[in-house]
Amino acid sequence: MINPRPADYQPAPLIEPGHTFGSITDKISAVVLSGRQPLSWVIVVSISFMLVGMLGMAITWLLIKGVGIWGINIPVGWGFAIVNFVWWIGIGHAGTLISAILLLLKQGWRTSINRFAEGMTIFAVMCAGIFPLIHTGRPWLAIYWLFPYPNSMSIWPQFRSPLIWDVFAVSTYFTVSLLFWYVGLIPDLATLRDKAKTLWVKRAYGMLSLGWRGSARHWQRYEHIYLLLAGLSTPLVLSVHTVVSFDFAIGIIPGWHATIFPPYFVAGAIYAGFAMVLTLAIPLRKIYGLEDFITMRHLENMGKVTLLTGLIVAYGYISEAFFGWYSANKYEGFMIWNRMTGPYWYIYWSLIFCNIISPQALWIRRVRTTTTGLFVVAMIVNVGMWLERFVIVITSLHRDFLPSSWGMYYPTKWDWMTFIGTIGLFIFLFFLFVRFLPMISIFEMRTMAPDARPKQAEGH
Amino acid sequence: MDSAKTLPPAIYGVMAEFETPHALVKAAEQTYAAGYRRMDTFSPFPVEGAWEAIGHHDRRLSFLVLVGGLVGMMTGYGLQFWVHAITYPTNIAGKPLNSWPQFIPVTFELTILFAAITAVVSMIALNGLPMPYHPVFNVKRFAEHASRDRFFLLVEAVDPKFDKQQTTDFLKGLDAVEVNEVEP
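Residue numbers (numbering that gives the first Met the number 0), protein chains in the order written: chain A, 0 to 459; chain B, 0 to 183.
Think of the hints as simulated: they come from the structure by calculation, not from any bench. The beta carbon of each residue, even a glycine, is placed where N, CA and C say it ideally should be. A hint or two may mislead.
[Stated by the list, open to error] Simulated pairs of lysine-lysine, PhoX-like, Cα-Cα distance not exceeding 25 angstroms:
1. K196/A to K139/B
2. K139/B to K26/A
3. K285/A to K303/A
4. K201/A to K25/B
5. K160/B to K171/B
6. K25/B to K160/B
7. K194/A to K139/B
8. K26/A to K303/A
9. K163/B to K25/B
10. K139/B to K163/B
11. K25/B to K171/B
12. K171/B to K94/B
[Said to hold, decoys possible] To list a few chain A residues with every Cβ distance to chain B over 12 angstroms, as calculated:
13. I46
14. L62
15. G67
16. I379
17. F432
Chain A with its partners taken away, still in its complex shape (with noise of 0.2 angstroms):
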């Protein structure tokens, strides 16, 4: 054993003792209602509103000019585009994973967690969906063969390409992950349009909650469809990642046309969307003061998971090297030796450091419990990520079949202004839903006060 547990371990409370209902639902909803916020919340969204700013000018140029304007060209055609919305589309995995998946099996430590995973979702995803909106530079001619409807030409979209797939599986994924968003949010709504001093706060906070008054009829029927919701998403959640990787294991290129595709990829997406939670949950609790609802347990919790999706990508890199030997294809060899040594060898090799070598860290018990050594390596996975989908897009594109179509792909400042852009965005939208919502599920943080379930222990 690395780590031996010692007897007298007692593993951190899921919530801190000492705390009622009304202490629950007052701190948390204070963040929202007092109207105060900290400096840091002041200068964060200050930044992050210059980077859309940014995004609005590249997206802006590139409307005007054409992908030109990007680093792509033959044999490269997919570029940052794929490479940022594959990277986006694994982030947004976490949050309904963690309010579907954990929510089946009965993980009590999901409550705290669950809202603002289910909001990065959802603002991962619309960051994600801008890069297929925009990736042919004429977005409004992409509208038919996208979306199926009676045009003036007569013509359908091609229900056989995984990329139609893809457009059905992203935009269904967001749907629901809003539709589950919300429904979560309603009751908490109801306890804002009660607590807020100010008639219009009281107003629109009442609108958004639809009258919700508590009802035992309403919260029969509302965990009821909560849990088909939750029984619902699972399936999705896995579909999804698995429809994206269809984009690539469809085709014929080597290093794409695979059959671990799919498990490899909704591992991956896992991987990355617990690295981005625990990359936003860690400061969040520091500024926000909610260190006794968020606690070294979940934070603990959330380690082991990245750690053990993290293996489960290591399988899928060890097989990808396999079979470009065992298959014995020459295509197959060469793509693979051509990432370990060819010109992009050392984006490989960051790959392999940040995404098997530096997760191992998490064995270490003291690397688990302490929030900067999971941030340091959150961090480094949420890189390892996005040099791998780099890996996968580019250097399987630029050494084409024969060597007179070989190339090689640098992106450009209109790239990186792009990409840069859609994080600013994520970030501002996010402190945004932090301002305006509670972050975290007030009334399930009730059910897991001790007054609720007296004749039980405390937790699950």
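Starting from the structure of chain A, add chain B where the hints point.
Positioned in the frame of chain A, the structure of chain B alone reads:
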């Protein structure tokens, strides 16, 4: 004027307040056992046993969601079949026009989409929401505490067994912290 004096002002019901979820469930069970039916409980989070105590269980939702999912499934497959086999047949790599394995992903996604939308819309509709006005909010304690930390039991005036004085006394006997009349 006279009639207003002789007729007592109509009320919506009587509401008792409790401090813990257990007191609420116990009181609801006793009220139900006493023969009251038009009653409801209110809590700031779903309380185990509360809807059983007032004799409520709505099982229609599962059925509605199933129907929603099936409609989504047929829409998804039907759309693709109609596009590729009927209105716009194209030969792609010599595959049959009704190449069903390639129609599975969109069929699956639309099944989930329709089922999820049905679930949320039916929950809101069956709950009678959105409801901009409801008499329970006329009770000051309710408006301040029902979504925060207290638990309420309401007996509606339309219940055949309802009698303002008797029902109020009955609820007071159930260890209620406070009993209030609810203005309509």
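Checklist entry - Are K25/B and K171/B close enough, with their CA atoms no more than 25 angstroms apart? => result Holds: K25/B and K171/B sit about 13 angstroms apart, inside 25 angstroms.
Next on the checklist: If I take the minimum Cβ distance from F432/A to any residue of chain B, is it greater than 12 angstroms?
Outcome noted: Holds, because the least Cβ-Cβ distance between F432/A and chain B comes to about 20 angstroms, which exceeds 12 angstroms.
Item to check | L62/A and chain B, when compared Cβ to Cβ, separated by more than 12 angstroms | outcome: Check passes; 29 angstroms lies beyond 12 angstroms.
Next on the checklist: Check whether the Cα positions of K26/A and K303/A lie no farther apart than 25 angstroms.
Outcome noted: violated (28 angstroms)
Checklist entry - Is it true that the CA of K171/B sits at most 25 angstroms from the CA of K94/B? => result violated (75 angstroms)
Checklist entry - Is K163/B close enough to K25/B, meaning Cα to Cα at most 25 angstroms? => result Holds: K163/B and K25/B sit about 21 angstroms apart, inside 25 angstroms.
Item to check | Restraint check for K196/A with K139/B, where alpha carbons must lie at most 25 angstroms apart | outcome: holds (14 angstroms)
Item to check | Agreement of K139/B and K163/B with the hint, judged by alpha carbon distance not exceeding 25 angstroms | outcome: At roughly 19 angstroms apart (the allowed maximum being 25 angstroms), K163/B and K139/B satisfy the hint.
Checklist entry - Can the restraint linking K25/B and K160/B be considered satisfied, given a maximum Cα separation of 25 angstroms? => result Roughly 20 angstroms between the alpha carbons, so the hint for K25/B and K160/B holds.
Item to check | Given pair status - K171/B, K160/B, alpha carbons within 25 angstroms | outcome: holds (17 angstroms)
Next on the checklist: Confirm or reject: I46/A is not an interface residue toward chain B, with every Cβ-Cβ distance exceeding 12 angstroms.
Outcome noted: holds (36 angstroms)
Checklist entry - Hey, K201/A versus K25/B, does the alpha-carbon distance stay inside 25 angstroms? => result violated (33 angstroms)
Of the hints listed earlier, those the structure fails to meet are numbers 4, 8, 12, in rising order.
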